[in-house]
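Colleague: Here's the letter readout for the chains.
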Amino acid sequence: MMKQKNGALSKLYIALILFFLYAPIIVMIVLSFNKGNTIVWKGFSLKWYGELFQDRNLMGALANTLSIAVLASFFATILGTSAAIGINNFKGKTRSIIQNVSNIPIISPDIVMGVSLMLLFTFLGMIFHFQMGYVTVLISHICFCVPLVVLNVMPRLRHMDRSIYDAARDLGCNEWQAFFKVVLHELMPGIVSGLLISFTYSLDDFIITHFTQGAKFQNLSTEIYAMLRRKIPPTINALSTLLFVAIIVIMVIINLRDRHEEKMKNEK
Amino acid sequence: MKSRKLTIPYIFWMLVFTMIPIVIIGFSAFNDGKGNFTLEPFQKAFFYSGVFLKSLLIALISTAICLVLAYPLAYILTRMKQSSQKTVTMLLMIPMWMNFLLRIYAWVILLQKNGPLDLALSLLGIHGTYIGNTAAVVVGMVYEYLPFMVLPIYTVMSKIDPGLIEAARDLGSNNAAVLGKVIFPLSIPGVISGITMVFVPSASTFLVSQYLGGTDDIMIGDVIDNIFWTDQNTGAAISLLMMVLIFVFLVLMNLFGDEEAIA
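For the record, the sequence lines run as chains S and B.
Its first residue numbered 1191, the first sequence is counted upward by one per residue in this note's numbering.
Its first residue numbered 6, the second sequence is counted upward by one per residue in this note's numbering.
Keep in mind that the hints were calculated from the coordinates and are not lab data.
One or more hints might be untrue.
[Said to hold, decoys possible] Part of the chain B face toward chain S, derived, beta carbon under 7 Å:
#1 Met19
#2 Thr23
#3 Phe105
#4 Leu106
#5 Ala111
#6 Ile114
[Claimed, not checked] Chain B is nowhere near these chain S residues, computed Cβ spacing over 12 Å in every case:
#7 Ala1253
#8 Gly1323
#9 Tyr1324
#10 Asp1394
#11 His1450
#12 Met1454
[Stated by the list, open to error] Cut-off 27 Å, straight-line C-alpha distance, at most; resulting in silico cross-link-like pairs (BS3-like, lysine-lysine):
#13 S:Lys1225 to B:Lys10
#14 B:Lys10 to B:Lys59
#15 S:Lys1455 to B:Lys164
#16 S:Lys1371 to B:Lys10
#17 S:Lys1201 to B:Lys164
#18 S:Lys1453 to B:Lys91
The beta-carbon is built from N, C-alpha and C at its ideal position, and this holds for glycine as well.
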């Protein structure tokens, strides 16, 4: 009896928290179908979605966001994984120094990192005659992604059994084969989660892009920032709705894949 | 595999894009813009000490609210069955994937004058303004960062050996004692990383207060953003102070965490 009461209270608590998290999103979704451009309901309409797709700036910004996220997480994963493997071979003081420095981008506030990179790029720009834009944003995104990859790969490395690498060598693999077939395979879960976390951080970033974007480049966040500065366009609601749907679809796919893999494992 | 050479590109990268930028910040914070050493940027930065304190206060309140909301949630989560745990954590993470600006803007819509909340409450005869004050900023912060508090606490809590809880029960502990004497002490590392993950970004972020707060709710992040485009030296000085402060905070949190672990 007591337990049941607890269960109901727990469920209510979770429901309330979820309500808090989703209420604003639901309001946006509802308003995205509103014919009027205020929050007063004037009837159902899809016109904001039409306008959204005709917004060239926004579509360009979306393409930039996606390509930066793909490139930044890709390069960060390569750089971070090789760094983690290298760091693992250091011991004592050198190792802790490298690891501490590599934590700096994670612990320092985004705004400080954005500001410091902007100073660096303006300084280098004066020497080498370039202006901030796509490339500087990409570099900045790699900067905050690399430590995330290192952080995700390191624990896998520490728990890896060293003898399987030696075994592969004994069984006739050369160094590279042993690396690609054994070590990389062992590290894969860490590498994949590092890649995914990097990708999502890059997609969501506003502050660092804001400082390193230069005059012409826009990603989705900075474009939304500019839109909200001008006026409050209802197309933003349509954009949020579409993003939300995309996220749900991705999450469901990931979940289904996980379940499928678990099933396969069990059948083995 | 045994090679240390793999670290070389990374060390080079960190040097150019992490160490040098920090050196540049330090350099321009003690600089009058013409290359001469001066403390003037810090004197100007001191002008914003009120804003600094208010930002810390807002961050502190937001972190405390996040902790109070998140701890029971994490506890409830660990006691649910495995499949529901997965579903609820997924539901907690989905809003985090929405764009940062869109999440705040959603609250602007929700709280605005004649907005949904205003309309609903005025039906009950309650009238008021819900936007443009410190409370709205805190709500926005809690909304932004609540999952950052829940997830680390939940991760640490779900790794607690159920045998320990059983042992405590066998030795005569009731629910409250198990929670206070077994689960809470063991969950402290999660609490600490949760506090860090909420406090640092909420103390330093900008825009949340611009969208949800009033004119006197401006935060130190907004000041840096505003000032940097005109006076880089003062901006650098404020950034440096903020970095030092965050660093001290992290060291304190670590000390606290270690002590608890020893005790």
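Colleague: Does each hint fit the structure? Answer for all of them.
Modeller: Structure-based check of each hint:
no. : hint                  : verdict
1   : Met19                 : holds (5 Å)
2   : Thr23                 : holds (5 Å)
3   : Phe105                : holds (5 Å)
4   : Leu106                : holds (5 Å)
5   : Ala111                : holds (3 Å)
6   : Ile114                : holds (6 Å)
7   : Ala1253               : holds (15 Å)
8   : Gly1323               : holds (17 Å)
9   : Tyr1324               : holds (16 Å)
10  : Asp1394               : violated (6 Å)
11  : His1450               : holds (14 Å)
12  : Met1454               : holds (18 Å)
13  : S:Lys1225 to B:Lys10  : violated (61 Å)
14  : B:Lys10 to B:Lys59    : violated (47 Å)
15  : S:Lys1455 to B:Lys164 : holds (23 Å)
16  : S:Lys1371 to B:Lys10  : holds (20 Å)
17  : S:Lys1201 to B:Lys164 : holds (22 Å)
18  : S:Lys1453 to B:Lys91  : holds (16 Å)
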